[in-house]
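Student: As a plain string of letters, each chain reads:
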Amino acid sequence: MNRLKFFAALAGVVISAPAQAQSASDSADFAVVGNVPAICVGGSVTEAGGIFDLGILVDTTTGFLRSDLSAPSQVLAGSFCSSRSSIAVAATPVVAQTFTATAPTGFSRSVDFTATAAGWTTIPASFSTASASNPAAIQQRTTAFSGPITVNIGDFATTGGTGLRLVADTSYRGTVTVTLTPES
Amino acid sequence: MKSALFKSSLLMLPLYGMAAPASAQETASETASGQVAVTGSVARLCILGEPSRAVVDLGQMVQTSGASVGRIAALATQSVSLPGSFCNFAGSVLGVSATALLGDSAIAPPAGFSRAVNYTATATGWGNSDTAATTNAAVDGASPDSAATGSTQPSPKLGDIEVALSSFSAPQNALLVAGNYSGLVTVTLGPVPVTE
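Top to bottom, those sequences are chains A and B.
Take the first sequence: its position 52, counting from 1, is numbered 52 in this note's numbering, and each next residue is one higher.
Take the second sequence: its position 182, counting from 1, is numbered 182 in this note's numbering, and each next residue is one higher.
Only chain B is shown next, with the shape it has when bound in the complex (with noise of 0.2 Å):
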């Protein structure tokens, strides 16, 4: 037992001379080393692309002749498209917002006629789901605006933004007062708000 003991204290002997030369180098030498850390962020930044068309024009909207002479026309789904889109961070989510097309005369329209013609626009290619947002304006072209959040994109995203405008229809089927008409659609891409 006795033995054992001597042989295990000669056997830690040389680990402590081997050790030892290895401090007397650092004192030995005049060189120093330090670490220093390069740092950097990079900022949640969300960016649509320019809209294929800055004017979506429909053109001549009803019907000249017929039994629905005067009421709006199957119009065709427009299409637009935001290219290019992108959120270099997850959890961002698309909004979309329409307002109806109103006719540029401000008086109220005599019974049986509409002044607003409504739309649903549907923004797709963000998150699991589409967004629609569908106006329902009244023939005087009250609460013309409408407004939709879709769902939350689980990572960051490259892709394109589809934008599709379709169902056009004027309140109650009603007769449109004659002149220009105008609407708009603002696409917002963002982080999920917060609700406080």
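This is chain A alone, in the form it adopts within the complex (with noise of 0.2 Å):
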């Protein structure tokens, strides 16, 4: 009787086995990290290389500055930021080189123009280089941001009143230049 027991028993501990079995197994995890930094590529211009040629300033019957001056916009292609960002413009007016010293009277060396960045930020960045102040001139946009940007150039304006007529100079040149930063 006591031996039916003993081989009841065992019997139990090989049926119990099995259930063992099911929490046999082990697992480890470990974390795979890294990280991204915030950065800003402005891509590089695609078209003329780079240059506004805006041609002739002045109108030749009249000697003031051309009332239909134009110049076709210019891309930066390849431009993000991979992160929130601000695009800011800003621009110098295009000013004679070669006759460096003060415009006589009735005259004046230098246009003024206002640029925009377009494509980035809903509202484009404008910069006018007649405002003493130009709040536009910086755009948030709060989200990463891969895309052309199209500046633009117009509202051409003789520095000191139109009033004024332009020195002759081979070369006038003014400069725009466009800036992504990224936010944290």
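In case anyone wonders, no lab produced these hints; they're calculated from the structure.
Check before you lean on any hint, since a few could be wrong.
Here are some chain B residues pointing at chain A (derived, C-beta under 8 Å) [claimed, not checked]:
# : residue
1 : VAL69
2 : ALA73
3 : LEU158
4 : LEU165
5 : SER182
6 : THR186
7 : LEU189
8 : VAL192
A short list of chain A residues far from chain B (calculated; beta carbon distances all over 12 Å) [as the list claims (entries may be wrong)]:
#  : residue
9  : GLY34
10 : VAL45
11 : SER70
12 : SER82
13 : SER86
14 : PRO104
15 : PRO135
16 : ALA136
17 : THR150
18 : ASP155
19 : VAL167
20 : ASP169
21 : GLY174
22 : VAL176
It should be emphasised that the depicted structure is a prediction, and the values quoted were computed from it without experimental measurement.
No residue lacks a Cβ here, since even glycine has one placed at the ideal position from N, Cα and C.
Relying on the hints, combine the two individually framed chains into one complex.
Tutor: What follows is the structure, encoded as structure tokens:
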């Protein structure tokens, strides 16, 4: 009788073994981490070598600034920011490069204009060289973005007033600078 | 013939006679013997060694200059060891599950961007072949999980399990949104799953 009980107990152990096998596994975790810094790339100007060529600035019959000045847009292709960002546009007037002396009375050696950078933000960033302050020159974007920035110039005006004529010079030059800045 | 029969019975007699003293001794003695079996069992057990690295830090993951600026750089293969892992029974199997690295910015990435980095986690040292799980998350981080089960280890085994993380890539080789990224690799060692 004792022996019978013993075998019964043994059988119980054998039966319970498969149940233990269900928890015979082990697992281990490890995290994989990395980071991406905030990067902005301005891209490259793809048209006409990056120059707004206005041609002859004056109406040759009057000597005043032409009223129909224009230049094709310049596109900054491949621009992106990997985080929220701001776009800023700045410009310097188109100034006579050879005639560096003060312009005589009735003349000016500088042309003001407004530069705009569109495509990045809902409201394009714009900068007027004639304005003392340009609050619209910096615009924010809350998300990462990749896309072309179209830069336009317009609203040309002779510095000092429309009644002034421009001094003759073979080279008038100004600049437009577009800056993308990542923001944290 | 008769004499032959007689001879054979004579030969058997001493055998009976010798057997008798043995039984006489048992009854005469006061001792008794019995048998008690000693048994035990060993549970089926699999234990993984502590990972050699609790965190695999890839650091900064994108190129910061050149034609592919902002896109994922060529990241070196990362290795993690689980030393002294064992299963004390035949028929164990290694499983690897991997979750793609996802950026901490949960908003949907703008066109041209990704917030996921995929990779392949390959575990070696168990069974006859490697166990590799390759994540295939989308640019917005959807479906980041991947799992793989290796071949059966036919005998109990003690050894090191090596996990290699390689082939880091961004979906569509998109630009990566700035931020901190994290993923997870889980290694599981256990019995071959029974399909019911």
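Student: Restraint: LEU158 (chain B) near chain A, CB-CB cut 8 Å. Satisfied or not?
Tutor: violated (13 Å)
Student: Verify this label for me: ALA136 (chain A) is non-interface relative to chain B, using a Cβ-Cβ cutoff of 12 Å.
Tutor: For ALA136 (chain A), whose nearest Cβ neighbour in chain B is about 23 Å away, the distance exceeds 12 Å, so it holds.
Student: Could you check that no beta carbon of chain B comes within 12 Å of the beta carbon of ASP169 (chain A)?
Tutor: holds (39 Å)
Student: With chain A as the partner, please determine if VAL69 (chain B) meets the hint condition of a C-beta pair closer than 8 Å.
Tutor: holds (5 Å)
Student: Regarding the assertion that VAL45 (chain A) does not contact chain B, is the least Cβ-Cβ distance greater than 12 Å?
Tutor: Non-interface label on VAL45 (chain A) holds, nearest chain B Cβ at 17 Å vs cutoff 12 Å.
Student: For the hint on ALA73 (chain B), just tell me whether its beta-carbon gets within less than 8 Å of chain A.
Tutor: violated (10 Å)
Student: The output says THR150 (chain A) does not contact chain B. Does that hold with a beta carbon cutoff of 12 Å?
Tutor: holds (17 Å)
Student: Mind verifying the non-interface call on SER70 (chain A)? Its CB should be farther than 12 Å from each CB in chain B.
Tutor: holds (31 Å)
Student: Does VAL192 (chain B) hold up as a contact with chain A if the rule is Cβ-Cβ below 8 Å?
Tutor: This interface hint is violated because 10 Å lies over the 8 Å limit.
Student: Does the no-contact call for SER86 (chain A) survive, Cβ to all of chain B over 12 Å?
Tutor: Its Cβ never comes within 12 Å of chain B, the nearest being 14 Å, so this holds.
Student: Does GLY174 (chain A) clear chain B by more than 12 Å, comparing its Cβ with all Cβ atoms of that chain?
Tutor: holds (29 Å)
Student: Confirm or reject the statement that PRO135 (chain A) sits farther than 12 Å, beta carbon to beta carbon, from all of chain B.
Tutor: holds (26 Å)
In terms of the numbered hints stated before, the structure departs from hints 2, 3, 8, 9 and 12, listed from lowest to highest.
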